[in-house]
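2 protein chains.
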Amino acid sequence: MREVWIVGVGMTRFGRLSEYGVREMAEEAVFDALKDAGAKPSDMEIAYCGTEAMGPDTPMLVGQIALEQMGIKGIPITNIANACGSGSNAVREAWLALQSGLYDVAIALGVEKLTSPHPDMFQLLSRLGGADLMLEGCMGFFPPGVFSMAALKHMELYGTTREQIARVAVKNNYNGSLNPKAHYQKPVTLEDVLNSRPVSYPLNVLDCCPISDGAAAVVLCGADVAKRFTGTPVRMRAAAQKSGTYKDDMDLNADTTRRAAKEAYEMAGLGPEDIDLAEVHDCFTFAEIQHYEDLGFCKHGEGGRFVEEGHANIGGKVAVNSSGGLLAKGHPLGATGPGQVNEVVEQLRGKCGKRQVAGARIGMTHNGGGFRHGDTGIVVSFILEKLK
Amino acid sequence: MREVWIVGVGMTRFGRLSEYGVREMAEEAVFDALKDAGAKPSDMEIAYCGTEAMGPDTPMLVGQIALEQMGIKGIPITNIANACGSGSNAVREAWLALQSGLYDVAIALGVEKLTSPHPDMFQLLSRLGGADLMLEGCMGFFPPGVFSMAALKHMELYGTTREQIARVAVKNNYNGSLNPKAHYQKPVTLEDVLNSRPVSYPLNVLDCCPISDGAAAVVLCGADVAKRFTGTPVRMRAAAQKSGTYKDDMDLNADTTRRAAKEAYEMAGLGPEDIDLAEVHDCFTFAEIQHYEDLGFCKHGEGGRFVEEGHANIGGKVAVNSSGGLLAKGHPLGATGPGQVNEVVEQLRGKCGKRQVAGARIGMTHNGGGFRHGDTGIVVSFILEKLK
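Going down the list, the protein sequences come from chains A and B.
Counting from -12, one number per residue, gives the positions in the first sequence under the working numbering.
Counting from -12, one number per residue, gives the positions in the second sequence under the working numbering.
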């Protein structure tokens, strides 16, 4: 397998960016990533853009349009739509293209505009769910319902408490308060979470990630050509991707994560004990608890205690969502995955200021998308390593 | 470069398939392709689905949903949206994944539902155009306008006649009348075309491809593992992809095709004189005339005479659109590219009955998508070869 390095990252702030259209956000992220890499637009040989094109101003071929504005054109450009995992999928396809040996340098971009009013709210909500619209979405089986069912089951089976679940929001909003690019930058208390507006028991509104606008980009290359660029490189040890198997079992949304993590650890020759920090898909507080277990950071059933005891804090066993995660940093679908990569790369470079994870050498990302019949439609997971 | 073979193809009929939803169409195409290959669902290691998700019943993750119904699950599945070229893009990504050596067997699917009423007709039309919605689409600069402008320029510069342009429709509808899977299966006369309802001068309604429903699928593998399957294989000599450079020059929509063709010929070590048949993107009659020239089948400016003199007929120098092309076979966006591959594979296998191109050994596909500032957003081109 070819060794691939990330040499540049860039992203907009995530949030309600009413002054930005899709293309302006994409351009800012691409500009920053190229600048960070010390790369010219003409250095890019292949490109991928992850987006579910939710914004009403999103044109077809948004990747072509945004990249052309930045001088990247003529090369193969592929737009990818894979629900909330679209952006990580784009990064993974870029990595796969470099594996082919036919290309040496790639750029992956993710962008989404979610806060503008959409002309067809039902379509938007159904699609946002990433559910099977015909079988589940039409019956109102949207994400909060799915994750609240999973949470209730976890509470019943393992004694996980409502307070433990809420602690994920407290941790991630605290981390977000240290991240100038986060959608929410204000700490919340346990009481704030427990007393916030109910959505779907046990989840309240502060247990749910916001709807955000944003864009993020990543420049990747074969390690053999990395000397062309000046950005501090980070090694990609693994790039795993799995879709669901839909076993209709009791493990709501967990199996795909476990299989993707297994692939990532095997590819990297590493285990969960090696991970210093992880950006995981905390679309809901409870989801993060599930991910601790499925990524192997703690035993099955112990996720609630893991967060309660501070093991997921910056400075804990594994710093989970040091960026603020989807809950505080925000969740602009296509941009979420490349945004996670931005955080891990900057952490491994030691550039994260107040939220820096001390001595971080190995970081992981976990980005999911869609659900159906009790399983996730797509999970992409990367393991990145600081160069010696 | 790894040698890749196509071992199975399948497709629905294209047309107004009111009794089919997106997933039923996709399932039929996948089933047929697996059966043709003699492959099991579990043989597939990676999958791509090309669709612009135009149908109002199209869920997110349509590839995952349709493939799961056919028993293909758990593997990486990526949904690709690249305007009218989405499906060929999916086939090309599958080929690229096989080039990485990390996967041996892949399936690429394309599907689109266009004939159902869409809740937001303006959005649909704007997106259908594949234009830059903000700069061009909003001003009504939809595909018929783009291609009629190009046609008028060609007529003025090269003396191409209205009748020569109309002959493309006569040829392709004749070919379509021999194809039981075509949307339109009735021959038309030159007078029919010239007297049909005007759309945008010089193009009448019979100069425009229809809006169709349909799905098509392709099973690809490394030549080194092809003995696992029983489908008569076809060799992929080239898989080229380019995006536009948007030079704002006089060559409306032509430059991307020329650059993709150059890449395809170089990769195959072949030239236009070697091509026995070609499925090209005849979204409008005039477009096909342009493609003859840009793919090198005749000199620049001689496309009108090329069709008039019968060189593009079955039995001519290059049989162009033996399937009926987009004009008669139909144009269900995501399915169009894999549909072209279906035709070329079946022609090289000698399985095309009344429309069989005698002695066909080398076939080409050309699938474009989107336009902007006088250039095409994406062109994908394959060159396929009959095995000795």
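Honestly, the hints are just simulated from the structure, not real lab data.
This structure is a prediction, so every number in the text was calculated from the model and none was measured.
Hints may be right or wrong, so weigh each one.
No distinction is drawn between identical chains; accordingly, a pair holds when it is met within one copy or between any pair of copies.
Capping the alpha-carbon separation at 27 Å, the derived lysine-lysine pairs in DSSO-like fashion look like this [said to hold, decoys possible]:
{"no.": "1", "residue 1": "K286", "residue 2": "K341"}
{"no.": "2", "residue 1": "K234", "residue 2": "K22"}
{"no.": "3", "residue 1": "K286", "residue 2": "K27"}
{"no.": "4", "residue 1": "K341", "residue 2": "K249"}
{"no.": "5", "residue 1": "K173", "residue 2": "K140"}
{"no.": "6", "residue 1": "K173", "residue 2": "K27"}
{"no.": "7", "residue 1": "K375", "residue 2": "K140"}
{"no.": "8", "residue 1": "K373", "residue 2": "K338"}
{"no.": "9", "residue 1": "K214", "residue 2": "K341"}
{"no.": "10", "residue 1": "K286", "residue 2": "K338"}
{"no.": "11", "residue 1": "K304", "residue 2": "K234"}
{"no.": "12", "residue 1": "K249", "residue 2": "K27"}
{"no.": "13", "residue 1": "K234", "residue 2": "K27"}
{"no.": "14", "residue 1": "K304", "residue 2": "K214"}
{"no.": "15", "residue 1": "K249", "residue 2": "K22"}
{"no.": "16", "residue 1": "K341", "residue 2": "K234"}
{"no.": "17", "residue 1": "K341", "residue 2": "K27"}
{"no.": "18", "residue 1": "K249", "residue 2": "K375"}
message = Please list, smallest to largest, the hint numbers that this structure does not respect.
response = 1, 3, 4, 5, 6, 7, 9, 10, 11, 14, 15, 16 and 17
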